[in-house]
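So in my numbering, the last one in the sequence shown is 213, and the numbering has no gaps at all.
I should point out that these hints are in silico values taken from the structure, not numbers from a laboratory. Predicted, not measured: the structure shown is a model, and the values here were computed from it. Heads up, some of the hints might be wrong.
[Said to hold, decoys possible] Pairs of lysine-lysine, DSBU-like flavour, derived with a Cα cap of 30 Å:
| no. | residue 1 | residue 2 |
| --- | --- | --- |
| 1 | LYS212 | LYS22 |
| 2 | LYS188 | LYS213 |
| 3 | LYS201 | LYS126 |
| 4 | LYS72 | LYS32 |
| 5 | LYS111 | LYS88 |
| 6 | LYS111 | LYS74 |
| 7 | LYS126 | LYS111 |
| 8 | LYS145 | LYS188 |
| 9 | LYS93 | LYS188 |
| 10 | LYS123 | LYS22 |
| 11 | LYS93 | LYS74 |
| 12 | LYS127 | LYS93 |
| 13 | LYS172 | LYS123 |
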Amino acid sequence: MKNWFDFYDSLKNTYGAEPEHKIIEYIDLIEKGKVLDLGVGTGRNSFFLSALGYEVEGVDISKENITSYLNKAKNLGLDLKGTVMDIKNFEIKENEYSLIIVSWVLNFFRKSEIDIIIEKIKKGLKKDGIVYFSAFSILDDFYIKNLDRFCGEENTLYFEEYKTYRYYYSSKDEILNYFDSLETISIKTGMELDIDENIGKHYHHTIEYIGKK
Numbered sequence: 001m002k003n004w005f006d007f008y009d010s011l012k013n014t015y016g017a018e019p020e021h022k023i024i025e026y027i028d029l030i031e032k033g034k035v036l037d038l039g040v041g042t043g044r045n046s047f048f049l050s051a052l053g054y055e056v057e058g059v060d061i062s063k064e065n066i067t068s069y070l071n072k073a074k075n076l077g078l079d080l081k082g083t084v085m086d087i088k089n090f091e092i093k094e095n096e097y098s099l100i101i102v103s104w105v106l107n108f109f110r111k112s113e114i115d116i117i118i119e120k121i122k123k124g125l126k127k128d129g130i131v132y133f134s135a136f137s138i139l140d141d142f143y144i145k146n147l148d149r150f151c152g153e154e155n156t157l158y159f160e161e162y163k164t165y166r167y168y169y170s171s172k173d174e175i176l177n178y179f180d181s182l183e184t185i186s187i188k189t190g191m192e193l194d195i196d197e198n199i200g201k202h203y204h205h206t207i208e209y210i211g212k213k
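Work out the full structure, taking the sequences as your base and the hints as a guide.
Written as structure tokens, this is what we have:
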């Protein structure tokens, strides 16, 4: 494998994807070992970490996503594991992982489900393990404009037309409370550009958190 700078460039050029910048920024804090990527999607974080020698497993509810993820990994010469499962049902082994990633996925769960998932994440980290968390914020325009869709659980909206789609939005204080047993390495709020084929370019208010056990 070429050095990771070259791999990073090739990943962008080949798949139009790149890992989260915060993961790159704090990569030296992540001990070599097992990585769990919950809601792996296209695999952009997993590919980068596998190329650096981490043992990576991605979990996603979409069989199509996992099939694509494993095929891309094979094309890149990477040995990854992929599991098709709803992440709220995935059993996270305790004290197992150097890094657990939960990136832009918890927005699709109820607050009560998120409480359980985050507890499992904290238990799954080994000593000095790192969690990377990112989600939309309650400052997001979409959240503010749709408060009439409130479903009865904190910061959670429900859209009848989508049936199973629930939209949860976080706050900085809530994230710090969730991970109060960890050392906060970084917490950042900001805005991210999103390009949707139906509604075009728009921005989301976001929160990114990195903590250490």
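Taking the hints in turn, this is what the structure says about them:
Between LYS212 and LYS22 the alpha-carbon distance is near 14 Å, which keeps this suggested pair within the 30 Å criterion. With a CA separation close to 19 Å, the supplied pair LYS188 and LYS213 stays within the 30 Å bound. The suggested pairing of LYS201 with LYS126 is violated, with an alpha-carbon distance near 39 Å, which exceeds 30 Å. Under the criterion of a C-alpha separation no larger than 30 Å, the hint pairing LYS72 with LYS32 is consistent with the structure, at around 22 Å.
With a C-alpha separation of about 12 Å, the suggested pair LYS111 and LYS88 falls inside the 30 Å cut-off, and the hint holds. Using a Cα cut-off of 30 Å, the hinted pair LYS111 and LYS74 is violated, with the two alpha carbons roughly 36 Å apart. Restraint check for LYS126 and LYS111: the C-alpha separation of about 25 Å stays at or below 30 Å, so the hint holds. Of the supplied pair hints, the one linking LYS145 and LYS188 holds, its CA atoms being roughly 23 Å apart against a limit of 30 Å.
Annotation: proposed proximity of LYS93 to LYS188 holds, straight-line Cα distance about 28 Å (limit 30 Å). With a C-alpha separation of about 22 Å, the suggested pair LYS123 and LYS22 falls inside the 30 Å cut-off, and the hint holds. Among the hinted pairs, LYS93 with LYS74 is consistent with the structure: their alpha-carbon atoms are about 26 Å apart, no more than 30 Å. Proposed proximity of LYS127 and LYS93 is supported: the alpha carbons are some 13 Å apart, at most 30 Å.
Only pairs whose Cα atoms come within 30 Å are accepted, and LYS172 paired with LYS123 is accepted, the gap being roughly 21 Å.
In summary, the structure is inconsistent with hints 3, 6 from the numbered list given earlier, while agreeing with the others.
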